[in-house]
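Visitor: One letter stands for each residue in the lines below.
There are 2 protein chains.
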Amino acid sequence: MKPFANLGDAPLTPETLYFLPLGGSGEIGMNFNLYGFNDQWIAVDVGITFADDTTPPGIEVITPDPSSLKTLGERLIAIIITHAHEDHVGAIGYLWPALKAPVYCTGFTASVAERKLGEAGLLDQVALHRVLPGERRSFGPFEIEWIALTHSIPESHALCLEVGGLRVVHTGDWKLDPNPLEGVHYDDRRLMALGDAGVDVVIGDSTNATVDGWSGSELDCYRGLLDVISQEQQRVCVTCFSSNTARLASLGRIARETGRRITILGRSLFQYVATAKANGYLREFPELVPPEDLDYLPKSEQLILATGSQGEARAAMARLARGEHHSLVLEADDCVVFSSKVIPGNEKKLFRLYDLLSSKRIRVVTEAEACVHVSGHPCRDELTWMYRALQPNTVIPVHGEHRHMVAHAELAQQLGCSALTVQNGDLVSLTTSPPRVEAKIASGRLGLSGTSLVPLTDRALNERRALALGGMLSITVVLDKKSRLVGQPQIELMGVPSGELGGEALKAELTFAVEEILAEASSRVLQSDDALREMIQRELAHSLHQWMGIRPRQLVQVIRI
Amino acid sequence: MKPFANLGDAPLTPETLYFLPLGGSGEIGMNFNLYGFNDQWIAVDVGITFADDTTPPGIEVITPDPSSLKTLGERLIAIIITHAHEDHVGAIGYLWPALKAPVYCTGFTASVAERKLGEAGLLDQVALHRVLPGERRSFGPFEIEWIALTHSIPESHALCLEVGGLRVVHTGDWKLDPNPLEGVHYDDRRLMALGDAGVDVVIGDSTNATVDGWSGSELDCYRGLLDVISQEQQRVCVTCFSSNTARLASLGRIARETGRRITILGRSLFQYVATAKANGYLREFPELVPPEDLDYLPKSEQLILATGSQGEARAAMARLARGEHHSLVLEADDCVVFSSKVIPGNEKKLFRLYDLLSSKRIRVVTEAEACVHVSGHPCRDELTWMYRALQPNTVIPVHGEHRHMVAHAELAQQLGCSALTVQNGDLVSLTTSPPRVEAKIASGRLGLSGTSLVPLTDRALNERRALALGGMLSITVVLDKKSRLVGQPQIELMGVPSGELGGEALKAELTFAVEEILAEASSRVLQSDDALREMIQRELAHSLHQWMGIRPRQLVQVIRI
Numbered sequence: 001m002k003p004f005a006n007l008g009d010a011p012l013t014p015e016t017l018y019f020l021p022l023g024g025s026g027e028i029g030m031n032f033n034l035y036g037f038n039d040q041w042i043a044v045d046v047g048i049t050f051a052d053d054t055t056p057p058g059i060e061v062i063t064p065d066p067s068s069l070k071t072l073g074e075r076l077i078a079i080i081i082t083h084a085h086e087d088h089v090g091a092i093g094y095l096w097p098a099l100k101a102p103v104y105c106t107g108f109t110a111s112v113a114e115r116k117l118g119e120a121g122l123l124d125q126v127a128l129h130r131v132l133p134g135e136r137r138s139f140g141p142f143e144i145e146w147i148a149l150t151h152s153i154p155e156s157h158a159l160c161l162e163v164g165g166l167r168v169v170h171t172g173d174w175k176l177d178p179n180p181l182e183g184v185h186y187d188d189r190r191l192m193a194l195g196d197a198g199v200d201v202v203i204g205d206s207t208n209a210t211v212d213g214w215s216g217s218e219l220d221c222y223r224g225l226l227d228v229i230s231q232e233q234q235r236v237c238v239t240c241f242s243s244n245t246a247r248l249a250s251l252g253r254i255a256r257e258t259g260r261r262i263t264i265l266g267r268s269l270f271q272y273v274a275t276a277k278a279n280g281y282l283r284e285f286p287e288l289v290p291p292e293d294l295d296y297l298p299k300s301e302q303l304i305l306a307t308g309s310q311g312e313a314r315a316a317m318a319r320l321a322r323g324e325h326h327s328l329v330l331e332a333d334d335c336v337v338f339s340s341k342v343i344p345g346n347e348k349k350l351f352r353l354y355d356l357l358s359s360k361r362i363r364v365v366t367e368a369e370a371c372v373h374v375s376g377h378p379c380r381d382e383l384t385w386m387y388r389a390l391q392p393n394t395v396i397p398v399h400g401e402h403r404h405m406v407a408h409a410e411l412a413q414q415l416g417c418s419a420l421t422v423q424n425g426d427l428v429s430l431t432t433s434p435p436r437v438e439a440k441i442a443s444g445r446l447g448l449s450g451t452s453l454v455p456l457t458d459r460a461l462n463e464r465r466a467l468a469l470g471g472m473l474s475i476t477v478v479l480d481k482k483s484r485l486v487g488q489p490q491i492e493l494m495g496v497p498s499g500e501l502g503g504e505a506l507k508a509e510l511t512f513a514v515e516e517i518l519a520e521a522s523s524r525v526l527q528s529d530d531a532l533r534e535m536i537q538r539e540l541a542h543s544l545h546q547w548m549g550i551r552p553r554q555l556v557q558v559i560r561i
Numbered sequence: 001m002k003p004f005a006n007l008g009d010a011p012l013t014p015e016t017l018y019f020l021p022l023g024g025s026g027e028i029g030m031n032f033n034l035y036g037f038n039d040q041w042i043a044v045d046v047g048i049t050f051a052d053d054t055t056p057p058g059i060e061v062i063t064p065d066p067s068s069l070k071t072l073g074e075r076l077i078a079i080i081i082t083h084a085h086e087d088h089v090g091a092i093g094y095l096w097p098a099l100k101a102p103v104y105c106t107g108f109t110a111s112v113a114e115r116k117l118g119e120a121g122l123l124d125q126v127a128l129h130r131v132l133p134g135e136r137r138s139f140g141p142f143e144i145e146w147i148a149l150t151h152s153i154p155e156s157h158a159l160c161l162e163v164g165g166l167r168v169v170h171t172g173d174w175k176l177d178p179n180p181l182e183g184v185h186y187d188d189r190r191l192m193a194l195g196d197a198g199v200d201v202v203i204g205d206s207t208n209a210t211v212d213g214w215s216g217s218e219l220d221c222y223r224g225l226l227d228v229i230s231q232e233q234q235r236v237c238v239t240c241f242s243s244n245t246a247r248l249a250s251l252g253r254i255a256r257e258t259g260r261r262i263t264i265l266g267r268s269l270f271q272y273v274a275t276a277k278a279n280g281y282l283r284e285f286p287e288l289v290p291p292e293d294l295d296y297l298p299k300s301e302q303l304i305l306a307t308g309s310q311g312e313a314r315a316a317m318a319r320l321a322r323g324e325h326h327s328l329v330l331e332a333d334d335c336v337v338f339s340s341k342v343i344p345g346n347e348k349k350l351f352r353l354y355d356l357l358s359s360k361r362i363r364v365v366t367e368a369e370a371c372v373h374v375s376g377h378p379c380r381d382e383l384t385w386m387y388r389a390l391q392p393n394t395v396i397p398v399h400g401e402h403r404h405m406v407a408h409a410e411l412a413q414q415l416g417c418s419a420l421t422v423q424n425g426d427l428v429s430l431t432t433s434p435p436r437v438e439a440k441i442a443s444g445r446l447g448l449s450g451t452s453l454v455p456l457t458d459r460a461l462n463e464r465r466a467l468a469l470g471g472m473l474s475i476t477v478v479l480d481k482k483s484r485l486v487g488q489p490q491i492e493l494m495g496v497p498s499g500e501l502g503g504e505a506l507k508a509e510l511t512f513a514v515e516e517i518l519a520e521a522s523s524r525v526l527q528s529d530d531a532l533r534e535m536i537q538r539e540l541a542h543s544l545h546q547w548m549g550i551r552p553r554q555l556v557q558v559i560r561i
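Chains as they are written, first to last, in the numbering used here: chain A, 1 to 561; chain B, 1 to 561.
Next comes chain A alone, as it looks inside the complex (with noise of 0.2 Å):
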C-alpha cells in the first residue's frame, strides 16, 4: 500500500472507529498515536526519542513527522497524555504548533508539560486541562475514563475509550507493583469491571514482553537500596531516572534510617523533586543538604543523588565520575549505586564510566550485582493478569521493537484474544472484527536541528555524515575573462589529516596538482563552470585517494570576474 501523505485523503468510512500509531510502534520511544471517529480526532501522547547511532550527526531530540495531520485542522479535539516520561510528553512543545489542540492529562502530568510548553514558548496558547485519576470526560463522540496504573513514574494511566459501540482500553506505561511506595494502587477492580463489562480491543505496551515472570516492586528495590547502602562506611552517591518518585521516595527513607542526609546534583533532579512535591508526592522526603555544605558532613553521613544515570556525558555522574563536578570530588572506598537500567545503546558508555569510577577505587554497584533497580514495564506474567482480567477481542501490541511486539501478539494469541501487529502509519479499523489495516498514512521521524524541526532524510544532515567520515577539501579558483587563473587557486582543507606529508606540503601539492588542471584543460572545459569543477573535482578525488586512500568531500568554486 502507498501511504496517503494526508490523513485526510484516506478514505474513512464513517462510523467506524480508527487507530492510527504515527510513532512508538516497532520502536521504544517517541509514542504518537490517533484514535478518529466520524473525522473527530484524539491525539494520545506526544512523545520524543534521543538519537542513536544511526541518526545524523547533531541530531540529538527525535519527534514524530506530524505532516500527515496538517489538514485536520479543528478536527483534532483533544490531545490527552498517558503519564510524563519523555517519550509521551516530550514533543508537546516542539508539535503543539502543528496540533494545536488541548492538552488534557492529570496533575502531575501537567505539571511537566506546562513546563515543556513554557520553554517553547507556548504556555497563553494552549489550553492545558487537569483531570483527577479516575474521571470520565467527554470528547465529541468519545468518552474518556482515566484508569489508575502504576508504573516507574507517578500518575501513568490507561485510558478507557468508549466510542460507536466499542470499548478499547489503551493502557499508556504500565506494571503491577503490589508496594509502589508513591501514588495510589493500580486499580485492579476497575479493570476486572470493565472486562466482564466486555473490552473490544486492548492497545498496549509491549517492552518487556519477552522477559519471564514479574517487573518486581519498588519495594524490592527500596530493601535492595537499603541493604546496599547500609553496609557501606563511606560516601554513596546514586544515581536513578529523575522522574522515578518511589525511587526517590525510597532514597530519603533509606537516608534517615542510615544515617544519611540528601545532597542533589543536577538539575533534572530538582525538577523532578520540585514537581513532586508541587502535586502531593514526597511528603517525608528529608531537607536536603546543599552541595556547597558538604564538606561540613562526615563521610558516613552522605548520601548524594546525582542526574545522569545513563552516562549522558554532561550530567552530574560523568562529571563526578570524571572529577570535573564543581561541588564534589569522589573518594576511594565511596560508593556509586546505578538504581537504573542500562537503556540499549549506552551499554559501552556506561561501562566506560564504570571503568572510570572502579580505576578510583570508587565501588560501582548496578543492577547485575544488586536488586537496585526494577522495570517500570509488564512482564508476561503480569500482561498475562491484564488480559485475563479485561478478556479484550484483540490485543494490538505497541510501545516495542518488533520482536517485543510480536512476543505480546503471540502472548495474547495464547490467551484467547486476537492480536494484530502494527507498524507506524497503519491506519487501523477498530470497528471491523477483527481489527485490520485499511490504509497507511504517512509516517516519519523529524530531528531537532538548532530551532528547527527537520525530516531526518534532510540532504543536509546526511551531508554531514560525509563530512565527517572524510574531512572536506575546498578549492577556489578565479578567472578572468578569457578564463585564465587570476592568482593562485585557493586551497583549503578542514577535517583532512595531512598524515606524514604535513598540512603546508598537502596544500602545495594540491594547489600545483589545480595549476595543471587548468593549464591543460580545454577552452571548452574552460568555459563551462560545471565542466571545469567537475574535473577538477575528479582529478584531485583520483590525486587523494592515490597519495593518501582518503576521500574528502570537494567544494569547488569558480568565481569569473
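Quick caveat, the hints were computed from the structure, so don't treat them as lab data. Glycine included, C-beta positions come from ideal geometry on N, C-alpha and C. No false leads were slipped in.
Across the chosen pairs, the derived CB separations fall in these ranges:
(1) 432(A) <-> 500(B): 35 to 43 Å
(2) 541(B) <-> 462(A): 21 to 29 Å
(3) 361(A) <-> 288(B): 50 to 58 Å
(4) 178(A) <-> 299(B): 44 to 52 Å
Calculated pairs, DSS-like style, for lysine-lysine (alpha carbon to alpha carbon, straight line, at most 27 Å):
(5) 440(A) <-> 100(A)
(6) 481(A) <-> 481(B)
(7) 341(A) <-> 349(B)
(8) 348(A) <-> 348(B)
We have chain A; now place chain B onto it with these hints.
Guide: For chain B alone, kept in the frame of chain A given last:
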C-alpha cells in the same frame, strides 16, 4: 610522572628486567607489550582495536602509537605473536615498518600474520619465523618457551620468559577448556612444573576476572548448537567469529548429524577455513555447497555460515537481514543463530538486526536463549586454578578495562600473590621485589585514515566532529586593490539544513548579510584579511544562531585581485 617521549631517554638499570605495556592495559584491544633486559627488547603482540563512539568519525581501525620506540632500532630483537586474534596480530602490517624486527609465532598464527604482511606489501622485507608449540628459543638474553593454552582460536600460547634470573609467564589469551574439540589440550603438566620450579611474575588476561565460575567448553557449545539446529525444520543460518575453528568444526559435525550441508557466506569465513585447513585443522569439515547451488537444496538441508556476528553493516549477516544478499533470501520460519557474544558497544546494532529478522518471522537464537556461545577467556575459577598451578610471587593484570584488572588483582591477592595494576606506558621493573613502576613512557593511539596512521588527537580528526555536528558554511569574497567587493559574495552550505526558510532563501539572506558587513566595515578591517574574516565569522555566527539556533563551522576566504 611526566612520560618520556622516547623509551631510550628513560633511565634504565642494567641487569633489570623491564615490562612496558603500550596497548591493552586499561582496555580490551590493541595488545602491545615490551620486555627489555640490558637494553635488548622483545615485543609481545601487535594488535589493533576498533573504533567506538569516542573515536573521531571516519576512523575504523586503531593501533598503538609506537613512536616512543623509534630510537630502539636494532635493540628490538624480536616480535612474538601469542595468537592470531586481531587484537594481538592485527597491527603487524601497519606497525612493522616502525618496528623492523623478525616475527616469531606458531603456524596458524603465522598464516594470519603472513596475510596481513602481504596486504601491507611487506612480505619480502619481514623475516617471519614459524615456531612449534612447546618450543624454546633464545633471543639475546631471553629464553622463551611457548606453552599451549586453549582459547577461542587455535594455537593460543602463553610465553614463559627466563631472563636475568627471573621466570615470567605472559599468559596471552586463554581459558581452560577440557574439550577444546580442535587443537591440543592446555599444557597443565608444564604449567604445574613451572609452578614447582618457581614463577616470579605472571602477566595475564583479565577479560573475565569479574565473572564467577568457569568459561565453559566448546563441547557445551557444540551440544547447545546441536540441540537448537536439530529442532529446526527449515533453513538454519549461524553466524560466529570466523577465527573460531572449534566452533566451525562443531558446525561441520552438526551439519552431518542433522542431514544438512554447509554453505559459507562472507570472505573472512573462507579465509579462516582455508587457514585452518592449511594448518591441519578442520580435517573433517564437510565439502561446501556453493551459494549459487543453494536453490537445488531443500531448505531443511541448508546450514548457512555467515560472517558478521557483531552486526557489521557490510558483512553477510546484516545483508541477509536487510534482504540485500545477492546469493540468498532468508524467509519466514528460517532460524538465525548468533553463536557469539555481543561485544560491548554493539548491543543496539545487534538488537536492530534481531528486530529486523523477527519482523520477517525469522526465529533468532542468541546466547541469551540457548548455550550457543562460550567465552574464550578465563573466569574466576580458571584464574584461581592458574595461580594455584603457577604459584607466582606477583600477578600483573593486563588485557582488560580497569575494573577487570582491579578484580583480577584482588583475586590474585586473595590467593596469596602480590599484585600490581598498570596502565599503558608504565615502565615496570620486574627485578624489583615486588615489581614497581619506575617511569612513564609516552603511549597513545593512532587511527588509520586512508593509508596513513594519524594520532587520534590530530586536530583535523577533531575538526570532523565540528563539521559533523553543525555542517559548514563557506563564504568567499573577492576584493579589488581598493578593497571593494568584486561581484557577489559566494555562499556555499554543506550539511546545514535550511529548515523552513529553504536553501536558496538562506543563501540569499547570508549573501545580503555579508554585503552589509563589507559595506559597514572600516577601511582598517577591509585592509586586513584576518580582521575581515574574523568580523564576517562573528557576525554570521550571531545571525545564524539567532535565526535558526545553529552554529556551522565557517570557512571565510578573502581573495584579493
